[in-house]
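For the protein sequence lines, the chains are G, V, E and X, in the order given.
Under the numbering used here, the first residue of the first sequence is numbered 5, with each subsequent residue one higher.
Under the numbering used here, the first residue of the second sequence is numbered 5, with each subsequent residue one higher.
Under the numbering used here, the first residue of the third sequence is numbered 5, with each subsequent residue one higher.
Under the numbering used here, the first residue of the fourth sequence is numbered 5, with each subsequent residue one higher.
It should be emphasised that the hints constitute simulated quantities derived from the structure, not laboratory data.
The structure presented is a predicted model; accordingly, all values stated were derived computationally and were not measured.
Hints may be right or wrong, so weigh each one.
No copy labels: a pair is met if it fits in one copy or bridges any two.
[Stated by the list, open to error] With a Cα cut of at most 30 Å, we get these calculated DSSO-like pairs of lysine-lysine:
| no. | residue 1 | residue 2 |
| --- | --- | --- |
| 1 | 82 | 232 |
| 2 | 248 | 232 |
| 3 | 244 | 215 |
| 4 | 215 | 93 |
| 5 | 215 | 248 |
| 6 | 64 | 7 |
| 7 | 93 | 82 |
| 8 | 6 | 215 |
| 9 | 6 | 93 |
| 10 | 155 | 244 |
| 11 | 248 | 155 |
There are 4 protein chains.
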Amino acid sequence: MKKIRATVWGENVQDREPGVIKDIYPEGMHTAIAAGLNEAEDIEARCATLHQPEHGLTEKVLEETDVLFWWGHVAHDKVSDEIAERAQKRALEGMGLVALHSGHMSKVFRRLMGTNCSLRWREVDERQRLWVCNPGHRIVQGLGECIEIPKSEMYGEPFMIPPPHEQIFISWFEGGEVFRSGCTWLRGNGKIFYFSPGHETLPIYYQEEIKLVLKNAARWARQEHLWKGADHCPQIPLEKTREKIGRK
Amino acid sequence: MKKIRATVWGENVQDREPGVIKDIYPEGMHTAIAAGLNEAEDIEARCATLHQPEHGLTEKVLEETDVLFWWGHVAHDKVSDEIAERAQKRALEGMGLVALHSGHMSKVFRRLMGTNCSLRWREVDERQRLWVCNPGHRIVQGLGECIEIPKSEMYGEPFMIPPPHEQIFISWFEGGEVFRSGCTWLRGNGKIFYFSPGHETLPIYYQEEIKLVLKNAARWARQEHLWKGADHCPQIPLEKTREKIGRK
Amino acid sequence: MKKIRATVWGENVQDREPGVIKDIYPEGMHTAIAAGLNEAEDIEARCATLHQPEHGLTEKVLEETDVLFWWGHVAHDKVSDEIAERAQKRALEGMGLVALHSGHMSKVFRRLMGTNCSLRWREVDERQRLWVCNPGHRIVQGLGECIEIPKSEMYGEPFMIPPPHEQIFISWFEGGEVFRSGCTWLRGNGKIFYFSPGHETLPIYYQEEIKLVLKNAARWARQEHLWKGADHCPQIPLEKTREKIGRK
Amino acid sequence: MKKIRATVWGENVQDREPGVIKDIYPEGMHTAIAAGLNEAEDIEARCATLHQPEHGLTEKVLEETDVLFWWGHVAHDKVSDEIAERAQKRALEGMGLVALHSGHMSKVFRRLMGTNCSLRWREVDERQRLWVCNPGHRIVQGLGECIEIPKSEMYGEPFMIPPPHEQIFISWFEGGEVFRSGCTWLRGNGKIFYFSPGHETLPIYYQEEIKLVLKNAARWARQEHLWKGADHCPQIPLEKTREKIGRK
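Based on the sequences and whatever the hints tell you, model everything.
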């Protein structure tokens, strides 16, 4: 089978200024996420970032992307509507989308959800534990009953999302909150996965279980077939109508 | 119980030019739809149109709207993004939305669905029959097993929508197609209903069963309670955290 | 509007033997649950138990029940298949069902879910906190952002249920687990709510927030209209067929 | 990749008595269905029938089945509860289930759905047309926009099923009805597909498009991984609890 073509989109704003984030991710968060994916023999990941022309997401790049990973945080509104719409359109055709952490507020994810995707949060480096809700699911293969992250940002309910098709993970937080940390949806012919860990000031994308989930997510989200041309509404002429229509 | 406050939004472009549409709906389609709703003692419907300031959908009007009916066709792109977003936000809080006919391509409906809402169509005045999929549902009370519309526009599958929460109607067409003509979704705290009949060159909004469905839809879509303030993400300070967080 | 007719079904096995359960619920858990419901002016609750003829759920009783509450634990298999099927059939017509705590393993709930409804558990009187997932939902009106239960039994994920239509509550447990404690589903024309608190050795059904949730659940689960007669498959004779069928 | 191990369960009652059914399917319907599947190089189908010991569905057979196809009609109640429960349990673990035609009333399908799965029907050899609702879906690959069956039994709405996860096909009937002819659900870790064509007195399982759909369904429904052991509820001892629980 052909390799899964992943594109990791990184906002690359906070992680190119000197500071704690750059110390953890010297070549940018997207590079670390892509490196994790590239550990797998069946995945071929490359990167795209905000500052590139067309944010690195040209028609050609998206055409050649099976699964798009998206990490953004402070510059969601810097993403042009045109590119967000282009990525949404491709996702509806069948490109997988994996929205990461603060990507819950990205244009492309919110457009696909239809809700505002709001949540509660707290940043005090507390313990997070993600419980597996279906041990047979493709995305959790190789994990135990839960993932523990020693220091994490809290994301808490209510999370305003449409009802997920599958609940993959639910998180427990030291401070007393819970969160639907792993959810899937089907939209058009596309498969969407939201995965909440990944705060920028913590080395979460180097954690083995997290890297494993992202690899599995790429495997789960890739569609073999596409639904092309569904962004317009074709008229059916009378001569191509399947039943004879009586005179009125 | 207080009356249901319905607002019928009409695009009011085709129906104010002389011609067949104006002949059928001399005061505009929205006026006819609102008149149908106002036959009910428990509903109080008013109108808003594209050409009014803020398209007639000021903050105040939306605040005082329990259920918004939406009919648009040739001028979806004339609706400002700001007003579409405002209506979407209100819907997520709990305002009901009833999207009518070509309103499947309206900004507000597509934003809430997250898909492109495309379909196939044909305009040859053919017979349409809408089958009831749950005879106990609020929306179908007073109907028989189906609704027959002698002359209608065909809307056919595939209809690119997210999986509905409830299938209310599925249509049969004389020319051989089928369509999910009545669907509901929950988004945030809002209830959404799409109802496909209502082609502008035919007197469909005067048909008794159609008027009844719209009345029932208003009753079904009104929420008693709102989810306010969910359009931002509140930070939870450490001192309001419910569990004591250990030192790291 | 007419009062909501609730029937509280209690297994009434452990709570009629001398001991801690009977000390807390001297007249049985079902009696306490019904008393909580009867505090509301719009609800009229009565009881039924395992030991009554037909477990107290005669055709007439179910016919006169808008919402059935179900608490069972050690004697699920003592409930006859006939009565479980009768309750399921009524639920599909439109009777609401509220399954409580260990009622997740009851015949009627498992029949309606189609899954085995298994979960993980621990009984050490730990703290449980139920987070509200949609503050606008009927079931949570009058609550704050969460409910705290000082001592509770732990129910943890994975909980093998079909994807809920709405996530109402998710629980946090002191011991580190999480659980989908409040979920709704639609089945046929019936509305189903599962609510996890309610361990027999703790006075949880006397807690104000818990009583409030049960009252709200009754209000949410009552259907105004029924889907009768859907337990058989009617044949449509040719003479009642809506379109003329051509000769083959 | 290993071949998909399909088991075709046939009721084999009507099709072993002399008559029109046996004339069409001389070796039984199940044999014809399995032969269609076995045309594919990636599928290995075998059969099981009602009259075999344990209806041919021993623990070992089910253990070695990736996808179970089920055709039954006049003898649903002859299937023992024990075998139905066994098949349901395996489906929840991850065995695919493809319920065919009158299999909508089979014990195993109804147990998994939780609803009564009733519908309306007529047997006058009318034309059926199944419209594809997502052209990108695995199950419809190789088809055009619809499948036409010249002579078929009508199955019509309302069809009392839980809301499908995906709508694959909707049917149009010559006599004026519609039907959700292809639906998928997820239950536990299992994938379920219902496909309505297949009336016993017509040679439908020899039609190329129908055979193609069944092959595709086998490919779609096979799970790579299982959720084992979920039919009981494990207790978590205090010493294996992940967080220290405070003294009360």
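Structure-based check of each hint:
1. 82 <-> 232: both (28 Å within a copy, 27 Å between copies)
2. 248 <-> 232: within (29 Å within a copy, 37 Å between copies)
3. 244 <-> 215: Classified as between; 26 Å across copies, 51 Å inside a copy.
4. 215 <-> 93: Intra 27 Å, inter 32 Å, cutoff 30 Å: intra-copy only.
5. 215 <-> 248: between (57 Å within a copy, 28 Å between copies)
6. 64 <-> 7: within (18 Å within a copy, 35 Å between copies)
7. 93 <-> 82: both (19 Å within a copy, 21 Å between copies)
8. 6 <-> 215: The answer is both: 21 Å in one copy and 27 Å across copies each meet 30 Å.
9. 6 <-> 93: Result: close within a single copy only, 23 Å intra versus 34 Å inter.
10. 155 <-> 244: Between. Shortest inter-copy distance 19 Å satisfies the 30 Å Cα cut-off; intra-copy 62 Å does not.
11. 248 <-> 155: Answer is between; shortest inter-copy Cα gap is 15 Å, intra-copy 67 Å.
Hint compliance for this structure: every hint is met.
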